[in-house]
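K.L.:
Please put together the full structure from these sequences, using the hints given.
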Amino acid sequence: MTLYIKRAINDIRDNGFVSSVTIITIALLVLMVSTFILFLDNAGRIMVDWEKGIRIMAYLKSDITDEALDLLMKNIQETDGVKDVRFVSKQQALDILKEQMHHQESILDNLEENPLPDAFEIITGSKSSDDALNFKQVEALAANIKTFSEVEQVEYGQQWLERFSSIFDLFRLIGFAMGGIFIVGAIFIIGNMIRLVIFTRRNELQIMRLVGAYDRFIKIPFYLQGIIQAGLGALIGIVILYAGYVYLVSSVGNGFLMIDIYFLSLKACVIIIASSMLFGMLGCFVSLTQFLKD
Amino acid sequence: MIVNENKNAIIRLFHVHRRYGNKKALQDVTLDVLKNEFIFISGPSGAGKTTLLKLLYLEEKVNEGHVLVDGLNLSRIKKNGIPDLRRKFGIIFQDYKLISTKTVYENVSMVLEAIGQKRRQIPKKVRSVLRTVGMEDRMDSYPPTLSGGEQQRVAFARAVATDPKIILADEPTGNLDNDSAAIIMDLLIQFHTRGATIIIATHDMELIRKKGGRVVTLRDGRIQSISFQESPRKL
Numbered sequence: 000m001t002l003y004i005k006r007a008i009n010d011i012r013d014n015g016f017v018s019s020v021t022i023i024t025i026a027l028l029v030l031m032v033s034t035f036i037l038f039l040d041n042a043g044r045i046m047v048d049w050e051k052g053i054r055i056m057a058y059l060k061s062d063i064t065d066e067a068l069d070l071l072m073k074n075i076q077e078t079d080g081v082k083d084v085r086f087v088s089k090q091q092a093l094d095i096l097k098e099q100m101h102h103q104e105s106i107l108d109n110l111e112e113n114p115l116p117d118a119f120e121i122i123t124g125s126k127s128s129d130d131a132l133n134f135k136q137v138e139a140l141a142a143n144i145k146t147f148s149e150v151e152q153v154e155y156g157q158q159w160l161e162r163f164s165s166i167f168d169l170f171r172l173i174g175f176a177m178g179g180i181f182i183v184g185a186i187f188i189i190g191n192m193i194r195l196v197i198f199t200r201r202n203e204l205q206i207m208r209l210v211g212a213y214d215r216f217i218k219i220p221f222y223l224q225g226i227i228q229a230g231l232g233a234l235i236g237i238v239i240l241y242a243g244y245v246y247l248v249s250s251v252g253n254g255f256l257m258i259d260i261y262f263l264s265l266k267a268c269v270i271i272i273a274s275s276m277l278f279g280m281l282g283c284f285v286s287l288t289q290f291l292k293d
Numbered sequence: 000m001i002v003n004e005n006k007n008a009i010i011r012l013f014h015v016h017r018r019y020g021n022k023k024a025l026q027d028v029t030l031d032v033l034k035n036e037f038i039f040i041s042g043p044s045g046a047g048k049t050t051l052l053k054l055l056y057l058e059e060k061v062n063e064g065h066v067l068v069d070g071l072n073l074s075r076i077k078k079n080g081i082p083d084l085r086r087k088f089g090i091i092f093q094d095y096k097l098i099s100t101k102t103v104y105e106n107v108s109m110v111l112e113a114i115g116q117k118r119r120q121i122p123k124k125v126r127s128v129l130r131t132v133g134m135e136d137r138m139d140s141y142p143p144t145l146s147g148g149e150q151q152r153v154a155f156a157r158a159v160a161t162d163p164k165i166i167l168a169d170e171p172t173g174n175l176d177n178d179s180a181a182i183i184m185d186l187l188i189q190f191h192t193r194g195a196t197i198i199i200a201t202h203d204m205e206l207i208r209k210k211g212g213r214v215v216t217l218r219d220g221r222i223q224s225i226s227f228q229e230s231p232r233k234l
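Chains as they are written, first to last, in numbering that gives the first Met the number 0: chain A, 0 to 293; chain B, 0 to 234.
Heads up, a few of these hints could be off.
Stated by the list, open to error - Taking lysine-lysine pairs in the BS3-like style, the calculated list, with each CA pair at most 30 Å apart, reads:
| no. | chain 1 | residue 1 | chain 2 | residue 2 |
| --- | --- | --- | --- | --- |
| 1 | B | K117 | A | K218 |
| 2 | A | K218 | B | K164 |
| 3 | A | K145 | A | K73 |
| 4 | A | K218 | B | K53 |
| 5 | B | K96 | A | K5 |
| 6 | B | K101 | A | K218 |
| 7 | B | K34 | B | K60 |
| 8 | A | K218 | B | K124 |
| 9 | B | K87 | A | K5 |
| 10 | B | K60 | A | K218 |
| 11 | B | K53 | B | K117 |
| 12 | B | K124 | A | K5 |
| 13 | B | K22 | A | K218 |
| 14 | B | K78 | A | K218 |
| 15 | A | K218 | B | K23 |
| 16 | A | K5 | B | K78 |
| 17 | B | K34 | A | K218 |
| 18 | B | K123 | A | K5 |
| 19 | B | K60 | B | K23 |
Think of the hints as simulated: they come from the structure by calculation, not from any bench.
P.N.:
This is the structure:
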């Protein structure tokens, strides 16, 4: 094995220009894909955080008795997907509004009658665990709550949540497409690099075959070469991404978008590098199968 | 079906045909090459000499007929058995096929590594074989800095480094001056006396006359004649 590794490293060194171009291209490809994964990862986390905090406001009709109110609160509390329920009286709602309006509160002072309705503030989520509801589940819960006859209207920021959710789905789709491009790109780049090396070394390989070298003696160094270059390229791509991340966080400060940005987990980095190596190996396989077919 | 068992034959061809499209490169060639024989395959360019050699180490395959090498029927050899077959041969080409980016030493050591020779034995073996062909003092040189004769000696060293049973030489002296050609012929004779079977494809009648031996003459892919050229030393 030492001999194979030595030969693979010698080949990388002997074909310095082709090897450098290959490694840099793989690094750029990995940088592109891992940047997107980083973005998706953080956006996904934000999404979960927001979903955790989703509250449904159920505005009530005005003519409800105290008994009916208690019963309704109990019923809502027992509904699946409701973590907690809090009654917000129309007076409390007005106080909150006044507080939020600060300097314009005098406008509200002139009101003869409080126009706001009583409401229930419903905190969504699983009762037994910390799991948040996704957008679809929140939508279904809101529709369910609206069926109570005492409820006039429900609100849960449906428009922006829906928009954000569909944008996130689109990004996820783009992420898959980029993953696909990465796979094809890595196979193609490594495959071509191996083809070039085979071409420059065709006499040597022909001699090896004619003197009776087994296929594995010829193939293994190429596979190692593909794996080393793809792995090295991926590592460089991730290091560049990390440097960019550190620069961004240190220059503008984490939390500049009111959220913390996290770097990819070690597991994710290892998976990216391992995938790159695997696709590098596949690229070798394609080229070597063509060369050694007869 | 293979008949006429000949226990002294190391290579046997039975009604061998080889075509490239419509062109018939070899037609109905039947021939035995005996162990430790020194045999010439002669004929003009395009007669099928190189094709015949290539069939022996499975660089090409027959369309019809059978080829036996050291008891192995080549029609029955699977792909993973080809390297073992090729280890029986040492092959010398007219254009040497040396790797110009490797030194003389590396050109020879490369084939020993390729056949899995123990690494610590390789330097000794390479030096020994380069000494035999008189190229030990040039082992750090690169092929482009050598003369044609020197390059062919290195190619010879590479071919015999693996101790093959059979040496195939395709126009080994075709690009060489008389002195260099004589050195190569002497080396072939030397390995013949050590027990190797030598098959030389050449159209150089002068070479055949100088050495002597059985001569198979091909023309248009067929065996035109099989004769014996007396060695001048015996005359």
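K.L.:
All hints are to be evaluated individually against the structure, with a verdict given for each.
P.N.:
Results of checking the hints against the structure:
1. Annotation: proposed proximity of K117 (chain B) to K218 (chain A) holds, straight-line Cα distance about 20 Å (limit 30 Å).
2. A hinted pair counts as satisfied when its Cα atoms are at most 30 Å apart, and K218 (chain A) with K164 (chain B) qualifies at roughly 27 Å.
3. A threshold of 30 Å between alpha carbons decides the hint, and for K145 (chain A) with K73 (chain A) the separation of about 15 Å falls inside it, so the pair holds.
4. With a C-alpha separation of about 23 Å, the suggested pair K218 (chain A) and K53 (chain B) falls inside the 30 Å cut-off, and the hint holds.
5. Straight-line distance between C-alpha atoms of K96 (chain B) and K5 (chain A) comes to about 24 Å, which keeps the hinted pair within the 30 Å bound.
6. For the given pair, K101 (chain B) sits about 20 Å from K218 (chain A) by alpha-carbon distance, which is consistent with the 30 Å threshold.
7. Restraint check: the Cα-Cα separation between K34 (chain B) and K60 (chain B) comes to about 23 Å, which is no more than 30 Å; the hinted pair holds.
8. At most 30 Å may separate the alpha-carbon atoms for a hinted pair to count; K218 (chain A) and K124 (chain B) meet this at roughly 25 Å.
9. For the hint linking K87 (chain B) to K5 (chain A), the alpha-carbon distance of about 28 Å falls within 30 Å, and the restraint holds.
10. Straight-line distance between C-alpha atoms of K60 (chain B) and K218 (chain A) comes to about 24 Å, which keeps the hinted pair within the 30 Å bound.
11. Only pairs whose Cα atoms come within 30 Å are accepted, and K53 (chain B) paired with K117 (chain B) is accepted, the gap being roughly 29 Å.
12. Taken as a hint, the K124 (chain B) and K5 (chain A) pair is honoured in the structure, with Cα atoms around 21 Å apart against an allowance of 30 Å.
13. Distance restraint check for K22 (chain B) and K218 (chain A): the Cα-Cα separation of roughly 35 Å exceeds the 30 Å cut-off, and the hinted pair is therefore not satisfied.
14. Between K78 (chain B) and K218 (chain A) the CA atoms are separated by roughly 15 Å; this keeps the pair inside 30 Å, and the hint holds.
15. This hinted pair does not check out: K218 (chain A) and K23 (chain B) have alpha carbons roughly 35 Å apart, beyond 30 Å.
16. The hinted pair formed by K5 (chain A) and K78 (chain B) meets the criterion: a straight-line CA distance of about 27 Å does not exceed 30 Å.
17. Note on K34 (chain B) and K218 (chain A): the hinted pairing is violated, with a Cα-Cα distance of about 35 Å set against a maximum of 30 Å.
18. Proposed proximity of K123 (chain B) and K5 (chain A) is supported: the alpha carbons are some 21 Å apart, at most 30 Å.
19. Restraint check: the Cα-Cα separation between K60 (chain B) and K23 (chain B) comes to about 13 Å, which is no more than 30 Å; the hinted pair holds.
Checked against the numbered hints given earlier, this structure breaks hints 13, 15 and 17; the rest are met.
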